[in-house]
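Participant: These are the residues of each chain, in order.
Number of protein chains: 2
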Amino acid sequence: MFGLTVLGNNSAIPAFDRHPTAQALTFADQVYLIDCGEGTQTQIAKYKIRRSRINHIFISHLHGDHYFGLIGLISSFSLMGRTAPLHLYAPAELQQILQLQMDVASNILPYPLHFHAHPTGHQIILDDGKIEVFVFPTKHRIKCYGFLFKERKWPRQIIKEAVLKYNVPAVFYQRLQQGEDYVAKDGKTLVNSILTTANKPGKEYAYTADTIFDPSLCKYFEGADLLYHETTYMNDLEKKAAERFHSTTKQAGEIAKTAKVKRLIIGHFSSKYEMLDDLLDETRAVFKNSDLGIEGVTFII
Amino acid sequence: MFGLTVLGNNSAIPAFDRHPTAQALTFADQVYLIDCGEGTQTQIAKYKIRRSRINHIFISHLHGDHYFGLIGLISSFSLMGRTAPLHLYAPAELQQILQLQMDVASNILPYPLHFHAHPTGHQIILDDGKIEVFVFPTKHRIKCYGFLFKERKWPRQIIKEAVLKYNVPAVFYQRLQQGEDYVAKDGKTLVNSILTTANKPGKEYAYTADTIFDPSLCKYFEGADLLYHETTYMNDLEKKAAERFHSTTKQAGEIAKTAKVKRLIIGHFSSKYEMLDDLLDETRAVFKNSDLGIEGVTFII
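In order, the protein sequence lines correspond to chains X and Y. Heads up: the first sequence runs through residues 131 to 431, numbered per this note's numbering. Heads up: the second sequence runs through residues 131 to 431, numbered per this note's numbering.
A couple of the hints might just be wrong.
Each computed DSS-like pair below joins lysine-lysine, with the alpha-carbon atoms no more than 25 Å apart [claimed, not checked]:
| hint | chain 1 | residue 1 | chain 2 | residue 2 |
| --- | --- | --- | --- | --- |
| 1 | X | K178 | Y | K176 |
| 2 | X | K176 | Y | K178 |
| 3 | Y | K418 | Y | K387 |
| 4 | X | K402 | Y | K176 |
| 5 | X | K402 | Y | K178 |
Derived from the structure by calculation, the hints contain no laboratory data.
Given these sequences and hints, build the entire structure.
Facilitator: What follows is the structure, encoded as structure tokens:
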């Protein structure tokens, strides 16, 4: 089960008490932070996200509304005496920016900061045993990346009664979960299907960052349980959206429909919209199971 | 007359809804922004500071709580279509940081950004005809600078009745204000004191940024109308303050007293203090005319 808390849902200029992009994806005992616009550390405190659980941060691209809050968070971690390693997945150019900012402050972090530059293309960038994270390119004005978070599940689930009945030792459980048969001490083979059942697939959350309308992205998150897609503009500004490499409400709905995802949340709202109801209506007209990515709301997947 | 609005009064880590350092000094039709911690653009909106009046920004030093909000403000100016030049006075190293951040975003500002690197020592860095700004070094962990804002006034004030009586042409007024005598068309000399009176001295505001207790600073702002001095810690943490190149409540009061300023405001409060009354009491015990630099409050000078 994932919990996705929206920390910022506005596009570039903060307005109407909406903040630039940031999301906290909670899974097991970890918080995976996705983008980190200015003020994210304040939003983290406001919505009681546990900082100590943040060990992995993913930055989609280097427009300021997606990363200007990162150096502040990194510095605060330092001032709070953090010692646990922090993993940062971001466009390569970010490393030099952060390093310069730490150098001029004579700031030596008391914890290891591991920088993972985004690879090109569709690749897995993290597998911590609980979650797999894939990166994929989106189409924006500058290099931009989306992420797919995939709950890591073994293909098979153990039938407790069966393993006890046949005295299968616990050390073999993981191999059972991977589908192996078990050969007992007496030489008899117990086929896997006696000891396990097919597992439910892991939950999936796709974050498409900033992007022009691009149905070719759908292949990266087909059937995902939750999709976040930007809706900077309403449908009447489709042309403007395309010029600025952004998407509209209707387009977000179309991507969700094409990719056959189960649920859609929208965000990255232009500061021209004070009220957001109309954006939701337009999106729902195309894809019913849509919601506004309201700040502070946690979506359970 | 100056108006000084405190936009952020906390030290490094934002806490208790207090923000990192920023101040807006309003004078005539201009807003002079002093430091720009993370979230300053939001504070500017909250306290209705007119962005279009901000043409000069002063950064004291490159610890993040004094400048992490600058790139966001600069970017927002850009998105809002600003065309007026912006003057930035800051430690030299900031230029490269900003340039890198703009380069990776393919951001070309639609307005001229003039970068003025702080000189060494005590020097005048701005004289726009209305205000003179002096920079001076403070003693902090890294290079740090304070600023003195001085209302520009001519030494003499014109006596309207006198200049009319003696038919002094208006083009000569400025020279009268500077103390010159006037030689009339008939060759007679009118001594300056017949046409002018001594002007009141211009108002002065001194901002000492982050600094260890250092009475040698007093020479830069003797007799100022208002002094801002940091009070990161209370008096019992004098040793810790010195180790971290910060000051205490009592020390701020002592600086105000030694420099014979008229009024003191304190700020840069450590996140260890939720309530601030005790800090004010300690400061007032040394220098009576002291106030807390509460966010959103405008001090009239």
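Participant: All hints, please: hold or fail.
Facilitator: Tested hints:
1. X:K178 with Y:K176: holds (23 Å)
2. X:K176 with Y:K178: Distance of about 23 Å is within 25 Å: holds.
3. Y:K418 with Y:K387: Roughly 9 Å separates the two Cα atoms, so the pair holds.
4. X:K402 with Y:K176: holds (18 Å)
5. X:K402 with Y:K178: Holds, because 19 Å separates the two Cα atoms, which is no more than 25 Å.
Checked against the numbered hints above, the structure breaks none of them.
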